[in-house]
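These are the residues of each chain, in order.
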Amino acid sequence: MSDSSLDNLPKGWKSVPNDLGSDQTAFKGVQWGKAMMWIFLLSDTFIFSCFLISYMKGRASTVVDWPNTSHVFSLDFMGVPVPLLLIAIMTFVLITSSGTMALAVKYGYEKNRKMCGHLILATAIGGLIFVGMQAFEWSKLIHEGVRPWSNPFGAGQFGSYFFMITGFHGTHVSIGVIFLFIFARKVYRGDFDTGRRGFFTTMKSDYVSIEILGLYWHFVDLVWVFIFAFFYLW
Amino acid sequence: MNENTEVNKNKEKPATTHKIGIYLWIWGLLFVLSFFSYMVDWYQFQGLLRWSLILFFMFLKAGLIMAFFMHLFWERYALVNVLLWPMTAIACFVGLMVAEGKYTVFTRLIYFVLGE
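Chains as they are written, first to last, in my numbering: chain A, 1 to 234; chain B, 1 to 116.
If you're looking for bench data, these hints aren't it; they were derived computationally from the structure.
Heads up, some of the hints might be wrong.
The calculated DSSO-like cross-link candidates involving lysine-lysine, where the alpha carbons are at most 30 Å apart (straight line), are [stated by the list, open to error]:
| # | chain 1 | residue 1 | chain 2 | residue 2 |
| --- | --- | --- | --- | --- |
| 1 | B | Lys-19 | A | Lys-204 |
| 2 | A | Lys-114 | B | Lys-19 |
| 3 | A | Lys-34 | A | Lys-111 |
| 4 | A | Lys-186 | B | Lys-19 |
| 5 | A | Lys-111 | B | Lys-102 |
| 6 | A | Lys-204 | A | Lys-186 |
| 7 | A | Lys-34 | A | Lys-140 |
| 8 | B | Lys-19 | A | Lys-11 |
| 9 | A | Lys-186 | A | Lys-34 |
| 10 | A | Lys-111 | A | Lys-140 |
| 11 | A | Lys-186 | A | Lys-111 |
| 12 | B | Lys-19 | A | Lys-34 |
| 13 | A | Lys-186 | A | Lys-114 |
| 14 | A | Lys-114 | A | Lys-204 |
| 15 | A | Lys-204 | A | Lys-111 |
| 16 | A | Lys-34 | A | Lys-14 |
| 17 | A | Lys-34 | A | Lys-204 |
Using the sequences and the accompanying hints, generate a full structural model.
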């Protein structure tokens, strides 16, 4: 932080009780919207954790064999079944979109309107591709007879966990894509340079909003890291 | 207090921006780590090796995303603490449910065998 008033505050561990016990601003120098997005993401972490823990418990306690995911999620490529091919591509697409988002935040703070807008648009398109591939995966599995209560590959709980966890994550991606398009338009229009007031608020627009949007998008990528590890690879 | 009003005045000021290199490095690392975790399945590692490799790559990727893409590495220490300490509750919950899952499968096996 280049902020000189923050330099006078205690550093390290001492800054924690000092910040939390202080008046007006708990997190000094952190814009309130950013702090609130973090708090929201923390609560979202708990929701996704509950889903994944429930999946762990269900998988650990069933006496029927769990479906072999590298077989279930394999995709034929030129006649050869490649395990987890679609999931791997989805992972790389989401990481790519996370990278473009991180750069969008950087160019936003540098007031580079064009680059920021292009990169947010690229992020949104990455998200759209991801959701599209997820829709393809869902329809493929439904076609193969996977239902929330049964499936031809093994333990019946597999379907309910699959649809609930990837569905909830896909919903997050979809909402993120909608907001990315909205913010791409706002950036291109120059809202954040002119400080134009938003539709739902009288507050002036600021490029910090791009960082807040970025936090949400990186979180979606973060959740996918855990879903990829626990649901698809384990 | 004087310092508070000063902080409020500076609210609209943008945070420090970082060099593009660091983002590109993290981006590349995430690609490489994802490739490695995919290779875990490709080569069909099994058992303890598979689980430890999956967890290792997962936590490394999650850490990189949170620290650098989400700027937590440069974030205010009070905020970092407020965000990371609640994760211990999740770890406790995982521990409880591991025990619960083992107990459930144990009773199921017992009763399914006895029932037959």
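Status of the hints after comparison with the structure:
As the CA atoms of B:Lys-19 and A:Lys-204 are separated by approximately 27 Å, the hinted pair is consistent with the 30 Å bound. Taking the CA atoms of A:Lys-114 and B:Lys-19, the gap is near 18 Å; set against the 30 Å cutoff, the hint holds. With a C-alpha separation of about 19 Å, the suggested pairing of A:Lys-34 with A:Lys-111 holds against the 30 Å cut-off. Restraint check: the Cα-Cα separation between A:Lys-186 and B:Lys-19 comes to about 25 Å, which is no more than 30 Å; the hinted pair holds.
Distance restraint check for A:Lys-111 and B:Lys-102: the Cα-Cα separation of roughly 55 Å exceeds the 30 Å cut-off, and the hinted pair is therefore not satisfied. Of the supplied pair hints, the one linking A:Lys-204 and A:Lys-186 holds, its CA atoms being roughly 12 Å apart against a limit of 30 Å. For the hint pairing A:Lys-34 with A:Lys-140, the CA-to-CA distance comes to about 39 Å; that exceeds 30 Å, so the pair is violated. A threshold of 30 Å between alpha carbons decides the hint, and for B:Lys-19 with A:Lys-11 the separation of about 25 Å falls inside it, so the pair holds.
Proposed proximity of A:Lys-186 and A:Lys-34 is supported: the alpha carbons are some 18 Å apart, at most 30 Å. At most 30 Å may separate the alpha-carbon atoms for a hinted pair to count; A:Lys-111 and A:Lys-140 exceed this at roughly 44 Å. Restraint check for A:Lys-186 and A:Lys-111: satisfied, since their Cα atoms lie roughly 13 Å apart, inside the 30 Å limit. Between B:Lys-19 and A:Lys-34, the direct Cα distance comes to roughly 21 Å. Compliance with the 30 Å bound is thereby established for this hinted pair.
With a C-alpha separation of about 11 Å, the suggested pair A:Lys-186 and A:Lys-114 falls inside the 30 Å cut-off, and the hint holds. As the CA atoms of A:Lys-114 and A:Lys-204 are separated by approximately 20 Å, the hinted pair is consistent with the 30 Å bound. Note on A:Lys-204 and A:Lys-111: the hinted pairing holds, with a Cα-Cα distance of about 15 Å set against a maximum of 30 Å. Only pairs whose Cα atoms come within 30 Å are accepted, and A:Lys-34 paired with A:Lys-14 is accepted, the gap being roughly 22 Å.
Annotation: proposed proximity of A:Lys-34 to A:Lys-204 holds, straight-line Cα distance about 15 Å (limit 30 Å).
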